[in-house]
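K.L.:
All chains should be modelled from the sequences, with the hints used to inform the complete structure.
Order-wise, the sequence lines are chains C and R.
In this text, residue positions in the first sequence follow the numbering used here: the first is 1, and each later residue adds one.
In this text, residue positions in the second sequence follow the numbering used here: the first is 183, and each later residue adds one.
No wet-lab data here; the hints were simulated from the structure.
Quick reminder that beta carbons are idealized off the backbone N, C-alpha and C, glycines included.
Any given hint could turn out to be false.
As the list claims (entries may be wrong) - Counterexamples of contact, computed for chain C against chain R with all Cβ distances above 10 Å:
#, residue
1, 39
2, 40
3, 75
4, 76
5, 115
6, 125
7, 168
8, 169
As the list claims (entries may be wrong) - Sample of chain R residues facing chain C (criterion: CB under 8 Å; computed from the structure):
#, residue
9, 310
10, 350
11, 352
12, 364
13, 426
14, 500
15, 600
16, 602
To be verified - To spell it out: a stretch of chain C is covered by chain R in this simulated footprint if at least three of its residues, at any positions, have a beta carbon under 8 Å from a beta carbon of chain R; those stretches are:
#, stretch
17, 18-27
18, 30-36
19, 64-73
20, 131-145
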Amino acid sequence: MTQTRVLSEAFYTRAQEIIARYPVARSALIMLLHEAQDEIGYVNDDVIREVGRVLHLTPADVEGVATFYTMFKRKHPGKFLISLCTNLSCTINGADETVDALRDAIGPPDEATADGVCSWESVECLATCHWAVAAQVNYLDVPFLTPDRARKLVDGLKAGRELDALLAELRAAKSLSEARGG
Amino acid sequence: MVEEVLVVLKRRELPESWTLRTFLDTGGYQGLRKALTEMTPQEVIEVVQGSGLRGRGGAGMGTGLKWSLIPKDSPKDRYVVCNGDEGEPGAFHDRELMEVDPHALIEGMLCSAYAVGAKHCFIYCRGEFILAHERLAAAIKEAYDNNYLGDNILGTGFSCDMVLHRGAGAYICGEETALLESLEGYRGMPRPRPPFPVTEGLYASPTVVNNVQSLQAAGQVVLNGADWYRRWGTEKSPGTLVCSVSGAVNAPRNVEVPLGTTVQEVLELCGGIDDRGLKAFAPGGWSTPMLPPDKLDATMDYEGMIAAGSVLGASSIIAVPNDMCIVRAVWRGSKFYSHESCGKCTPCREGTYWVEHILERIEHGHGHPGDLERLEKVNNGMSGFKSLCALAEFAAGPVGSSIIHFRHEYEEHIRLGACPMRTETAIAS
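P.N.:
Okay, here's the thing in structure tokens:
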């Protein structure tokens with residue numbers, strides 16, 4: 001019985017390349033989930049089933065793994081996912097205020113805006129504590145995300161500005177005090 | 183004023199430090215060449231052992247000692263795995279080391295692979311580290327294209343492959359057996375030990391699991407010798423150490439200093455404490471017991487930190503300012519541990535849950551009389567190595583140490599029925 005595939009031929013070709021790197025095929029599971037999520041936007045039931053079929057694993061097995069890892073999303077995040085660190089070094093330097101700003105600008109965490117453009121999440125240490133308050137947009141680093149800069153970022157994304165250009169502007173600040181001053 | 187000693191960070195200021203060209207222009211792959219052409223595998227192990235280099239990931243086990251424990255007569259394949267899953271709150275050195283000098287990591291891993299007889303290496307890079315991943319991928323490709331990886335490396339007959347693996351967001355995968363489970367395609371849950379990874383690691387085969395910094399340092403030790411590395415540091419903690427410094431400091435960054443440098447000196451290299459003043463600091467990442475300001479003369483080395491009442495951990499100093507409520511800081515930390523507990527062992531799964539909830543109600547003014555004693559009881563139930571890995575110990579460290587040094591803040595919260603330091607603002611869950 002054949003079912004319609006949601007993942008592209010390119011995914012299936014790439015999957016075989018990735019599997020071939022490992023002595024045991026199952027080791028490729030997390031890499032394949034990344035590839036599939038990059039293509040579909042999240043890990044839906046089709047992804048779980050199709051990745052499982054590639055590796056000869058049951059959907060339950062694949063789902064058990066996928067749900068262990070926070071980067072794999074079971075529902076569609078916004079086109080732009082803002083991940084804000086609220087761990088210690090960032091909380092010490094004002095993460096709470098940025099949380100409030102994102103809540104106002106986007107809404108509750110882990111829910112995409114109605115137009116699907118933005119969502120935000122509170123995450124654990126991103127290993128850029130020297131840039132506190134640290135954040136990422138689609139896993140690209142954003143330093144010193146003060147409330148003003150968070151609003152500027154969200155406004156820019158909603159207005160359809162290029163992410164690269166927005167990131168370049170935000171990365172121009174070299175310290176938290178400079179970011180606050182600007 | 184103390185100065186930095188750049189060993190593993192020596193290329194941080196070089197243009198395109200991550201490229202093969204820059205690496206080769208500055209002595210890169212000379213350690214590998216020396217190992218493959220002038221040394222036996224045993225000699226490589228001995229020079230790393232002789233240097234006294236200890237694992238920089240937290241446990242502090244001798245790097246060379248670990249390599250020496252790989253059985254030489256095993257019929258199984260052997261593996262070298264780099265733990266690049268940095269996630270300790272406050273730690274950001276492994277990320278910079280991978281971004282700045284990916285070839286140095288490849289070189290250190292190849293020296294390890296040659297020493298233990300491995301033909302496959304894996305770099306487990308944290309999923310969120312896009313730039314590190316890109317640079318490592320490019321460096322591995324350059325290394326294959328130029329015969330530093332693959333078959334018959336540098337014409338010596340030694341062959342080795344390297345795979346770059348991406349994590350997907352799980353702090354626990356920085357624990358070596360959880361990392362191996364994850365690398366095998368499972369949920370990252372720690373394994374019982376023994377057997378240890380050196381005998382039954384990846385695919386139940388002998389496996390070296392080393393931290394990024396340890397491997398990068400090992401490559402330079404192979405080239406320059408054990409005595410060269412022992413020029414820095416202390417007798418029991420030789421060499422240099424990269425410290426991540428963040429929180430209430432003027433110029434947060436990574437600094438590389440000889441082991442034995444005081445916390446005060448490390449902070450001075452980062453512009454000192456900012457105008458909020460210092461209430462406490464965690465010396466090795468949030469998971470290490472916090473210390474009060476009168477311990478600023480404690481030294482950043484394995485023995486010095488134990489003497490001061492904490493541990494070196496991931497050598498990542500978080501400076502907590504005077505205007506930060508300690509209960510609130512510890513509560514925020516506790517949310518991290520309950521979120522990251524994999525749930526396999528009861529003391530950790532239950533303990534982290536209850537610690538978080540007791541701290542939450544104390545901070546929010548709903549603490550009961552007896553809560554502090556209850557907190558201590560649960561915390562003691564988590565600590566003492568009752569679980570398969572150290573996550574519960576990590577969770578217990580900040581709680582126990584904060585009660586020792588700041589008991590009055592907890593008591594004041596319960597007595598007032600409010601946090602004395604702030605109006606309430608919810609932290610996003």
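K.L.:
Run every hint past the structure and note whether it holds.
P.N.:
Evaluated hints:
1. With a minimum CB-CB distance of about 15 Å to chain R, residue 39 of chain C clears the 10 Å threshold, and the non-interface call stands.
2. At the 10 Å boundary, the C-beta of residue 40 of chain C stays outside the reach of chain R, the nearest C-beta of that chain being 15 Å off.
3. No beta-carbon of chain R comes within 10 Å of the beta-carbon of residue 75 of chain C; the shortest separation is about 16 Å.
4. Non-interface status of residue 76 of chain C relative to chain R is upheld: no Cβ of that chain comes within 10 Å, the nearest being about 17 Å off.
5. No beta-carbon of chain R is positioned within 10 Å of the beta-carbon of residue 115 of chain C; the least distance is around 22 Å.
6. Some Cβ of chain R comes within 10 Å of the Cβ of residue 125 of chain C; the nearest lies about 4 Å off, and the non-interface call is violated.
7. Non-interface call for residue 168 of chain C relative to chain R: holds, since the shortest CB-CB distance, roughly 15 Å, exceeds 10 Å.
8. For residue 169 of chain C, the shortest C-beta to C-beta distance to chain R comes to about 18 Å, beyond the 10 Å cut-off, and the non-interface label holds.
9. The criterion of a C-beta within 8 Å of any C-beta in chain C is met by residue 310 of chain R, whose closest approach is roughly 6 Å, and the hint holds.
10. Contact between residue 350 of chain R and chain C, as hinted, is supported at the beta carbon level, the nearest pair being about 4 Å apart and thus within 8 Å.
11. Among the interface hints, the one on residue 352 of chain R holds; its C-beta lies about 5 Å from the nearest C-beta in chain C, closer than the 8 Å criterion.
12. This hint holds: residue 364 of chain R has a C-beta 7 Å from the nearest C-beta of chain C, less than the 8 Å allowed.
13. A least Cβ separation of about 6 Å between residue 426 of chain R and chain C falls short of the 8 Å threshold, and the interface hint therefore holds.
14. Given hint, residue 500 of chain R at the interface with chain C, holds; its Cβ is 6 Å from that chain's nearest Cβ, closer than 8 Å.
15. For the restraint placing residue 600 of chain R at the interface with chain C, the shortest Cβ-Cβ distance is roughly 17 Å, beyond the 8 Å limit, so the hint is violated.
16. Taking 8 Å as the C-beta contact cut-off toward chain C, the hint placing residue 602 of chain R at the interface is violated, the least distance being around 17 Å.
17. For the stretch 18-27 of chain C, the proposed coverage by chain R is satisfied: 6 residues have a C-beta within less than 8 Å of a C-beta in that chain, meeting the threshold of three.
18. Only when three residues or more bring their CB closer than 8 Å to a CB of chain R does the claim for the stretch 30-36 of chain C stand; here the count is 4, and the claim holds.
19. Counting residues of the stretch 64-73 of chain C whose beta carbon lies closer than 8 Å to any beta carbon of chain R gives 7, which meets the minimum of three for the stated coverage.
20. For a cut-off of 8 Å, the count of residues in the stretch 131-145 of chain C with a CB near a CB of chain R stands at 5, and the three-residue condition holds.
In this structure, the earlier hints numbered 6, 15 and 16 are contradicted, and the remaining ones agree with it.
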